[in-house]
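**Q** Chain C is fixed; fit chains V and F onto it per the hints.
Protein chains in written order, with my numbering: chain C, 1 to 404; chain V, 1 to 102; chain F, 1 to 166.
For the record, the hints were derived by calculation from the structure and aren't laboratory data.
A quick note: this is a predicted structure, and the numbers were derived from the prediction, not measured.
Where a beta carbon is used, it is the ideal one built from N, C-alpha and C, also for glycine.
Treat the hints with care, since some could be wrong.
[To be verified] Facing chain C, a subset of chain F residues (Cβ under 8 Å, in silico): (1) F29; (2) L33; (3) L60; (4) G64; (5) F72; (6) I127.
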Amino acid sequence: MAQIYDFIYNLLPYLGAWLRGLLQSWGLPEDAIFLIIGLIKAFLLANFGLIGFAILTYVERKIIARFQDRLGPNMAGPYGILQPVADGIKLLTKEDTMPAGADRWVYNLAPLIIATCALAPLIVIPFGPGAVGTDLNIGVLYALAVGAGALVGVLMAGWGSNNKYALLGAFRAVAQLISYEIPAVLSVVVVVMVAGTMSTVGIVLAQDVPYLFVLPLAALVFLISGVAEVGRTPFDLLEAESEIVAGFHIEYSGMKFALVFLGEFIHALVVSALFAVLFLGGWRGPWLPPYLWTLIKMSIGIFMFFWLRATLPRIRIDQMLNLNWKFLTPLMILNLIGVALVDKGLRAAGATGGLWAAGMFAFNMAMLIGALAIPGYLGHRARMAAMASASGEEPEALEAVGAH
Amino acid sequence: MIPLTWYLLVATALFCIGVYGVLARRNAIAILMAIELMLNAVNLSLVAFWRYLHPTVTTGQVFALFVLVVAAAEAAAGLALIISVYRNRETVDVENIDLLKG
Amino acid sequence: MTLIQAVFILFAILTLGAGLFTVLSRHLFHAVLYLILSLVGVAGLFVLLEAEFLAGVQVLIYIGAISILIIFAVMLTRGMARNPGPPLNNQSLAAAVIAGLFFVLLAPVIAGFPWPQVTQGVPADAIEALGRSLVDPNQFALPFELASVMILAALIGAIFIAREKR
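Just chain C, same shape as in the assembly (with noise of 0.2 Å):
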């Protein structure tokens, strides 16, 4: 029993090692085995990444169904679950246009870009001890890093396109994506700086208490950063269907449709498995197997998504903007300098394990309340004011203040 409790925990690290001496007792070389299990390795977590897809459709869809009191897709086998392979069967037959006057190369390499910038920071992201694509030791840079050249792809789509929605869509992603790179970085240097290490397996092994309960703020503000970054509600402003139509993307069709698509779904679970690693100490929890409780907390971070889409409506431009440059990055270059200052201190009093973790937390939690008053007090000002000239005279006075 206790055998094959042992077995299902460690299941993706004993595989590994029975598939290495399987290699090595072909008489294969090393660096032939190096390469087969690396092929090996790619090719399941691309397949996780799509199939992570396939599935997210279907649950968002569901899920925002069962929020606005509709049943969502239940015609496609029992509940509706073949209903992402209706959608892929559609998507596969469909005509494959290209506007006039496009920019060939630039439109058709647009969507690869954006699937595979998307799908690579997945090498990074640990399923469990021994279960990694690779511990890289800039891991967390390197998931960045890789998630920016996104971009790239989004502004070849909107200037391949020929097409002013297009070009327009691409302007609010180059606006919007650059902007919250810089509080999302902030804050993960913030888990950086605490953890000490850059490498995710690294990080994963540093969370005796996961740092959601040490870093709040950070974890708040790499969440809010997050959604802004894979651009869905309410930061969907680069598709925005009722203004821009569907802003960069709006020219594709078919696969290349499905693949911008696909980008944006594997952004979320990139983004949300990110958040696990980060703040709520990746595979680590008890009983259940490590595979299990990092794809538990990747659907954490994944339903979060959903019921912000749920729940809140799309935010304006400079609300948007405003909310990124006079807001989130002041607050986590203050959060980064006081929470270096609070662990130095904690650890020169002699705090370790939970003492440590309840300073970083209060302080966090401070800087937290501290920070969403002095918004609340200008906007209640602001509130005041615009209700004393007169209702609504000056609308300046309440877009000054931001999203708050």
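**A** For chains V and F alone, coordinates are given in the frame of chain C:
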């Protein structure tokens, strides 16, 4: 093992491409891009020297990082200048930006 | 030729070829894309040189920020992109001669110089050492702070220059 010479030759070639771009292009943005190529060539040789001569001292990598920072600052200020010129002169062609010519 | 040398040659060709297209491409937007490709090649060479941190930063800063900024400038001056005209000026031949001559003169010197043989590998904590040396007052803390001030100045200057005059 890759000889150090190979890296240096690649860096030199990249630098020469950059030099050609700076001298021959008309568009100011293209000239800026050629400068980025030259900076990258310098970075490449700095890191190659770091790796092959003094891998235990961090100076080579630190210098490459500073070059990166300078490149970022240069891109920001340079592009701002170009956009400002475009706004006033409706062109970014360096042949036509000749306000100081009598 | 070993496998690693083949990978090096691949990245070198990528870097140089894309770099050449960057300076020759008629369409400015394509030139930026080739520039990005060339920068990816340089990042690959950094990985081969075991400078992973610099490779990551190269991708994040150059591709994620600088090239995007350049693309943005290309789009803002797109009156030029729609009607490119000749990409090269009338001294392009002389420029090619100068650049070629530079390479021809420099290459034999590099190839002929007796470079010392590589003796040590990269220490395992190279990235940590790099980080510590940046904040160590005895090493690079002052240059690091100066670089921060400089980039802040560039930021403010760029905003001031590019701002629409009211």
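**Q** Run every hint past the structure and note whether it holds.
**A** Verification of the hints:
| no. | hint | verdict |
| --- | --- | --- |
| 1 | F29 | holds (6 Å) |
| 2 | L33 | holds (7 Å) |
| 3 | L60 | holds (4 Å) |
| 4 | G64 | holds (3 Å) |
| 5 | F72 | holds (6 Å) |
| 6 | I127 | holds (6 Å) |
Going through the hint list in order, the structure satisfies each hint without exception.
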